[in-house]
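The listed protein sequences derive, respectively, from chains A and B. Residue numbers for the first sequence follow our numbering, so the first one is 1 and each next one is one higher. Residue numbers for the second sequence follow our numbering, so the first one is 1001 and each next one is one higher.
Simulated from the structure, these hints should not be mistaken for laboratory data. Even glycine gets a Cβ: it sits at the ideal position worked out from N, Cα and C. Hints may be right or wrong, so weigh each one.
Only some residues are given here: those of chain B computed to face chain A with a beta carbon under 7 Å [said to hold, decoys possible]:
no., residue
1, His1070
2, Leu1109
3, Thr1115
4, His1116
5, Ala1124
6, Asn1129
7, Cys1137
8, Gly1182
9, Leu1251
10, Tyr1268
Calculated cross-link-like contacts (lysine-lysine; reagent style BS3-like; alpha-carbon spacing at most 27 Å) [stated by the list, open to error]:
no., chain 1, residue 1, chain 2, residue 2
11, B, Lys1329, B, Lys1197
12, A, Lys4, A, Lys238
13, A, Lys31, A, Lys238
14, B, Lys1197, B, Lys1093
15, A, Lys70, B, Lys1353
16, A, Lys31, A, Lys119
17, A, Lys4, A, Lys35
18, A, Lys233, A, Lys308
19, A, Lys276, A, Lys31
20, A, Lys238, A, Lys395
21, A, Lys276, A, Lys4
22, A, Lys119, B, Lys1093
23, A, Lys31, A, Lys70
24, B, Lys1128, A, Lys308
25, A, Lys276, B, Lys1093
26, B, Lys1197, B, Lys1058
27, B, Lys1093, B, Lys1223
28, B, Lys1058, A, Lys128
29, A, Lys233, A, Lys4
30, A, Lys128, B, Lys1353
31, A, Lys128, B, Lys1093
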Amino acid sequence: MLRKIVVTGIGIISAIGNNVEETLVSVYGLKSGIKKLSLFDSIHNDIPVGEISVSHDDLLTLAGITTEQKFYTRTTLLGLIAAQQAVLNAGLSEFSGERTGLISATTVGGMDLNEQYYKSLLVNASFKDYLEVFDSADCAEKIAGYFGIKHNVTTISTACSSSANAVMTGARLIRNNHLDRVLVGGADALTKFTLNGFFALEILSPTGCRPFDQNRNGLTIGEGAAFLVLEAKDVADKERILCEITGFANTNEAFHQTASSADGYGALMAMEKALKVSGLQPSHINYINAHGTGTVVNDLSEGRAIEKLFEHTAPKFSSTKAFTGHTLGAAGAIEAVLSVLSVKNQMVFPNLNFTAPIEGLLLLPQTEVANANIQHVMSNSFGFGGSNTSLIFSKT
Amino acid sequence: MQAYITSISNISPQPTFDLDTFPGEVVGQESKFLACIEPDYRNFINPIQLRRMPRILKMALASSQMCINHSPVASPDGIIVGTGLGCLENLEKFLLSIIEDNEHVLSVLPFINSTHNAVAAQIAMLLKNHSYNTTYCHRGFSFESALTDAMMLLEDNEANHVLVGGIDECTPNFVFLHNYLGYWKDPVDNLQLLQYKTPGTIAGEGSAFFMLSNEPTDNTYAKLQSVSTGFALDNKEVIAQLDLLLQNAGLGITDLDLVIFGMNGDVYFDEIYHQLQNSYFDSSSVYGYYKHLCGDYYTSTAFALWLVSIIIRNQSVPAVVRLNAANRKQIRHVLIYNHIRNKEHSMILVSSKE
């Protein structure tokens, strides 16, 4: 028996707000969270980023951690805050038990502290206790510890599609009746490591990203976290159901380690397969929350794939990365939460900074916040290594 | 949910890459760290690519290719990798270029190669394989999550054959830094790992790949019955989880012909294995261990699953892995139980193919 998967709780923290309400206020105000870097000193501090203007101490307070506790990375704190919101939103007083799980995701995990202490650690042991929080699993284990989740705890790391894959894995665990409920999502903090990595790849925008615009000049990295509570429809509180997850697909483009193909066949495969899983036709999709990083290559490739799949009847679509920046391992989950809000609030999100369509493409992204009749939303997340994942969220 | 193990391969600190020889000759040394015996990569990777390729990717591509070569298919329907620390050497390299050279990064290659999913992605690219592709990076659950996901793909009829790997590389800096935390013993003879009765263990690494298939073949090694994980369990919870695992498989404790423990020689962390030997498992079962052969690392259970696959096929438990003198006429059901620092507990149940 394949069970239906519903979303009953969401939590989000990003450059445009510390929770769902603040996020929507920014969206309706067309207010981007992208600004000059102030979180740490860097030779690239003139580059705009999607930074969350909350200090480490204030994040500790937001997460309700009152004891003297130093060993929290920024990634872990962001993840914990979003996870707490999601469980609260689902109205669940506890989140543990044999048939409960946690699938988290990240790209660089505790790199924010790793890059602060690594040099000193090579000389002496003063900061040795930080060594145990640098890796990708720390966020999930802190969340599991907080809720007392004992089983089915794990972390996925597939670059920029990491948390979309966490959503998909969680959905499959419920569909196949291995779990009743699962917390899925991801977190990534801004770090010198990723800032320098994308700078060296020469794909960082000097001005702030302009997804799907003819004059786009690169991506803007951001930070954030989002978690969703997924439940089997047959055990969920009907009053709490926000939407259903009806489709998902993970395919690999197997083209290039860091770039997508010009014709976008990887993106096309993921979208087609997700539709197949859901049993829907392209014409059923009312809104696409695109990957849309703002790099020259991605947006052309994804745009071509959308045109090919939807022919001349492309639905409303936008990239929300001009609001949040590209939050890497958190992006799939952040955009999953926005897709849930699209279904729940019957709205579409605007694509900021758009002025002219990409030459050779007919696609025009949605530029205003608008009410719309939304039955089905597709969310795309593509990553290094050709990791392409598409998810479909549907009105119940 | 179950799967047939239809092909295996393993690059480890032992001569395991050539299947026919193990356990002919076992390598012992005085060290804090057991490094892999690496094969001649030119047989698997073209020389131009080989020159700039990180070591972990060389190990991954050679062992995955070897596994595929002996499997029923030329290209799998899914590629899933578990790696606790991912491409650690390149991560360290890029990190050092940022903090020591004040962000004046000379090469972007270490950044590209530091991505955790580089292993699974490179395998896909080499095979031009567009199927399901993912990577689990969660300490002592990494390989277990990969196995669970693969079994779910088979269960879904999404796949007939899934390539699953457990891979981690060790680096000098990793050994040096974690020495601060008392992770390692002073250099010890790995083959005497359990004799020291001191805290700490010996570091290790390895790259083991498996083809999991939904139907048995003539070459099938064993049947993967179930995989179960538990986070931060106390001893009672470990026992409850073992009970549940056996109950779901329709087995009693005495049905286990072989139990492989993740003992790593740490006098504190090995305590639970001794308790389970004495008061939970049945002493008529053969007891075994493996970390003296490969060292301790997050995906060492991949080495253990490789070992168990060979034991079931050969119907013989090598003396070098035995902990007791018990004997079973047949090796039909085998349990691997491992934990990493009492946080990630892993249980893998494997049976003979019939």
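Hints not upheld, ascending by number: Numbers 1, 2, 8, 9, 10, 11, 13, 14, 15, 16, 17, 18, 19, 23, 25, 26, 27, 28 and 30 - these are the hints that the structure violates, sorted from lowest upward.
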